[in-house]
Amino acid sequence: MAVALSTLVEEADRYLNSSKIADYCPNGLQVEGRPQVMRIVSGVTASQALLDAAVEAKADLVLVHHGYFWKGENPCITGMKQRRLKTLLKHDISLLSYHLPLDLHPDVGNNVQLARQLDITVEGPLDPDNLKVVGLVGSLSEPMSPRDFARRVQEVMGREPLLIEGSEMIRRVGWCTGGGQGYIDQAVLAGVDLYLSGEASEQTFHSARENDISFIAAGHHATERYGVQALGDYLARRFALEHIFIDCPNPI
2 MAVALSTLVE EADRYLNSSK IADYCPNGLQ VEGRPQVMRI VSGVTASQAL LDAAVEAKAD
62 LVLVHHGYFW KGENPCITGM KQRRLKTLLK HDISLLSYHL PLDLHPDVGN NVQLARQLDI
122 TVEGPLDPDN LKVVGLVGSL SEPMSPRDFA RRVQEVMGRE PLLIEGSEMI RRVGWCTGGG
182 QGYIDQAVLA GVDLYLSGEA SEQTFHSARE NDISFIAAGH HATERYGVQA LGDYLARRFA
242 LEHIFIDCPN PI
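According to my numbering, the stretch in the sequence shown is residues 2 to 253, in order.
Just so you know, not all the hints are guaranteed correct.
Stated by the list, open to error - For lysine-lysine, the following DSS-like pairs were computed, each having C-alpha atoms within a straight-line distance of at most 25 Å: (1) 72 - 87; (2) 21 - 59; (3) 91 - 59; (4) 59 - 72; (5) 72 - 21; (6) 82 - 59; (7) 133 - 87; (8) 91 - 21.
Simulated from the structure, these hints should not be mistaken for laboratory data. Owing to the predicted nature of the structure, the values given are computational and were not obtained by experimental measurement.
Take the sequences, apply the hints, and build the full model.
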């Protein structure tokens, strides 16, 4: 079956409530392709590798978490940007992208989906007084050591995470997928035993050590693979479409 591109985009925008969420980039349809959609290819980032794979898969639409047109970037269509857009336009493929709306969503969101992967029970927002902080807090069914939890992360992510080990057993966890390492101070205030994000900064080490909590950096790309898959599956079910997730590995 096929669905009108406009109908699919309208439903995705509604489902993610994207018009109500301030962001660093436009959310929704970023590049318009053919008017009918039968096959969706999803991926974390609209890289050239993903676009080439989508062309090979005969996609009508590419769905991503990291799209284009970020605030502050050079607006000129040259070099890498030109090649990416040329690929989409030449093959009449649409690009649909959701950043913060996909981090925040209570069902298909990156943070909720990562919790399901790691068997964490979601308890609430990382900072209830500041909803701009997109992280969450939750608990494990049974306490475990930092190293055992890091092994669980490695098994799920398929890559060895960076672990800064605290002295406490892990019961309560705070997390924010992607580049959320700056929220470690909110995690300390939330009383977690471990904070997990995709990346780490130089000061993350000191915050973890001096507050005696464990910290894990599990990879920006790796922690954000699950939301876009869940959204793609939702749209495929909603409109009886074909959905293919293509993982283009990224060690960062």
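Is the straight-line distance between the alpha-carbon of residue 72 and that of residue 21 25 Å or less?
Holds, at about 18 Å.
With a cut-off of 25 Å on the C-alpha distance, tell me whether residue 72 and residue 87 pass.
21 Å, holds
Tell me if the straight-line CA distance from residue 21 to residue 59 falls inside 25 Å.
Distance ~33 Å between residue 21 and residue 59 Cα, so the pair is violated.
Below or equal to 25 Å on CA atoms is what counts here, so check residue 133 against residue 87.
35 Å, violated
Compare the distance between the alpha carbons of residue 82 and residue 59 with 25 Å, and conclude whether the hinted pair is satisfied.
Given pair residue 82, residue 59 holds - Cα atoms ~21 Å apart, limit 25 Å.
Holds or violated: residue 91 and residue 59, Cα atoms, limit 25 Å.
13 Å, holds
Is the hinted pair residue 91 and residue 21 satisfied, with a Cα-Cα distance of at most 25 Å?
Cα-Cα ~32 Å, so violated.
When you check the alpha-carbon spacing of residue 59 and residue 72, does it fall within 25 Å?
Status violated; Cα separation ~31 Å.
Hint check: violations occur at hints 2, 4, 7 and 8; the rest are consistent with the structure.
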